[in-house]
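Number of protein chains: 2
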Amino acid sequence: MPALDFRVLTRDETSHARTGELRLHHGLIETPVFMPVGTRATVKSLTPDELKACGAAIILGNTYHLYLRPGSSLIRDLGGLHRFMSWDRCTLTDSGGFQVFSLGHLRDIDEEGVTFRSHLDGSPHMFTPEKVVRIQEELGPDIAMVLDECTPYPATRDDARLSFERTSRWAERALAAHRRPDQALFGIAQGGMYANLRRESASQIVAFDFPGYAIGGLSVGEPKAMFYEMMGVSALALPEDKPRYVMGVGAPEDLFEAVTSGIDMFDCVLQTRLGRNGALFTRDGRVNIRNARFRSDERPVDPWCDCYTCHTFTSAYLHHLFRAEELLAYRLASLHNVRWTIKLVEEMRASIRQGVFLEFRDAFLRNYRVVNEVVRVEQRAKWTAAKRLR
Amino acid sequence: MPALDFRVLTRDETSHARTGELRLHHGLIETPVFMPVGTRATVKSLTPDELKACGAAIILGNTYHLYLRPGSSLIRDLGGLHRFMSWDRCTLTDSGGFQVFSLGHLRDIDEEGVTFRSHLDGSPHMFTPEKVVRIQEELGPDIAMVLDECTPYPATRDDARLSFERTSRWAERALAAHRRPDQALFGIAQGGMYANLRRESASQIVAFDFPGYAIGGLSVGEPKAMFYEMMGVSALALPEDKPRYVMGVGAPEDLFEAVTSGIDMFDCVLQTRLGRNGALFTRDGRVNIRNARFRSDERPVDPWCDCYTCHTFTSAYLHHLFRAEELLAYRLASLHNVRWTIKLVEEMRASIRQGVFLEFRDAFLRNYRVVNEVVRVEQRAKWTAAKRLR
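Just so you know, the protein sequences line up as chains L and C, in that order. Residues 1 to 390 (the working numbering) are what the first sequence spells out, left to right. Residues 1 to 390 (the working numbering) are what the second sequence spells out, left to right.
For reference, chain L alone in the conformation it holds in the complex (with noise of 0.2 Å):
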């Protein structure tokens, strides 16, 4: 049996948009899937039982803080990643390459990897494509990810393309080290902002033919309408037959944005971090749970939404828990955030399936109050100029 088994089940027709179904050594996953982050395997202040019950089918764990605390050698002596935070669903690890990055000064590149400085006790290691290979084998998630250069923005054409075409060479170095027939390995395609490196780098990484591929270097400061330009390139550029995973984007346009672009993966630590600021998505646009209006309000954060806080606990609760610092306030936060993300996604493949994803997402985007004004407008541009381009 494969490592990865995937297959598209549905197409829209009036966009890019599909549904399919990811089998992994852990379990099947029904795609588009939103993968919550679980950093340092734990998704911030959840259980893996809470995370069960918001639906999650799989979680994210990060190479380069697990190296560093407790160490992939204890995880793997411990039985794995899985075992280890007693996740039996199915994982995935970024490969520590985006976090190194952005040690800045901590960090230094040439053609055999990065060598870098740990932010927690300053001592000296290196990543290689290999070596990053050899820790995942060690956590031993199902999606394993190689080890990229992730351009910076902004970047000039010529660093953005001497930077994927070191991406090309670690990823072909990563799979030559790659062993673990359990688990399956990712590419993933850079590209900077510019269209045609973003085609040639997904056409070099996809000649190594990885059972699945990733989009790197977006929503890293970049305008949205560029951001969005550059997840459609580069979804485009990568083979139909193989799962489409784009790295780091979680904000709910986005992710509309990302399906309709013909993605299939996405994670992002959105859901936990804005839940721990009381930040709480509601199909009306995000609102601030300690905001004053909240005092007495006996509804429910979004009576939309089906999750433990909703079903449980009056806004006006929240708005206590927060104003007072509770520990309870995070959790209940975070739950809503994920189990809301993940229902979101879940409708958006069901919309798929009966033929309306588009009416679907502009029903909810015309709800939908996108945080910054700017961006809102940029985005509308950008996704009338697409329609009227289909």
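Keep in mind the hints are simulated off the structure, nothing from the lab. By construction, the Cβ of each residue, glycine as well, lies at the ideal position given by its N, Cα and C atoms. Among the hints, a few may not be true.
If you want the footprint, here are the derived chain L segments under chain C, 3+ residues with CB under 8 Å [claimed, not checked]:
1. 287 to 298
2. 322 to 329
Partner residues aside, some chain C positions facing chain L, computed with beta carbon under 7 Å [said to hold, decoys possible]:
3. 45
4. 70
5. 194
6. 316
7. 327
8. 330
Assemble chain C onto chain L, guided by the hints.
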């Protein structure tokens, strides 16, 4: 139907321990009972569902904290404390006296009541026995507590007398002010660290015929032997047919002593506070899960415990969560400590019913390493002496 109905079901023949049934407006409670503390309408980090799974039959709220934030009239408007926090089992609110007295220079006491400044915003407030009753009638717990004057330790005999006599006068005023027929108001016996005053205070409070009685002013810095002696004296001075509640007691060895003395109810923040600090109860004593010896320990924290944490995770995983300061750590540890304590008290009840309470207690204490050696020695001496007296 009265707000409270209490029946003693079993009496231990070799100690004052007893089991009973306490019927309150929101349900039936088996005693002795450990009551987790939810100061600000939340038992820190835990949901109502988890508290039920822990076997919690009654939880505490705090009058002082809830009066200041979110306000008792808001909680009344939102349907009362139970509905506010989505807890349909029993609740008790303490009077806020202890918190107000702890404010030190921010408060001023006279015969009328206590004037104090909010620790949140410095705003001036006054608590009188009548006002504290009214606030608790707004909050709506099953059991409300009278405003008492918590005698500090140390206090001279004269000061302790003045203090408990005022507590008696305040108790009478509280009883006269109390109206809610579905709520039981408990009196509080004080008396400092003087056995005669303890008896005198209890006798004055008992004369008002409250439906239940608490013992206050203990575990406030006095040596354990003194604490145990005063608890025993107060308990014996309270009526056999009413529930006896010792406030703020929760260490396992203290719970055994309380039950031995004929106490039926106890509450403590220790379980959740220790949990947040990584200190976990086991049958062998408290352990600090941050300790390096747990780094690769695949066993549960305490194999005897049946909580979700012990059933689901290794000590190594908890160790990792605490080292990484992950929010999940605080929940899992709090959940464990609460369930562990409730299970211990369940076993105390079973052992009383079976007539083997002292055997159970002694077997537990032989194995359980109390944190402080000095305390442990005092305690053993006390127990030995108590055994000789029986």
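Here is what the structure says about each hint:
no.: 1; hint: 287 to 298; in the structure: holds (count 3)
no.: 2; hint: 322 to 329; in the structure: holds (count 5)
no.: 3; hint: 45; in the structure: holds, 4 Å
no.: 4; hint: 70; in the structure: holds, 5 Å
no.: 5; hint: 194; in the structure: violated, 38 Å
no.: 6; hint: 316; in the structure: holds, 6 Å
no.: 7; hint: 327; in the structure: holds, 4 Å
no.: 8; hint: 330; in the structure: holds, 6 Å
Checked against the numbered hints listed earlier, the structure breaks hint 5 alone; every other hint is satisfied.
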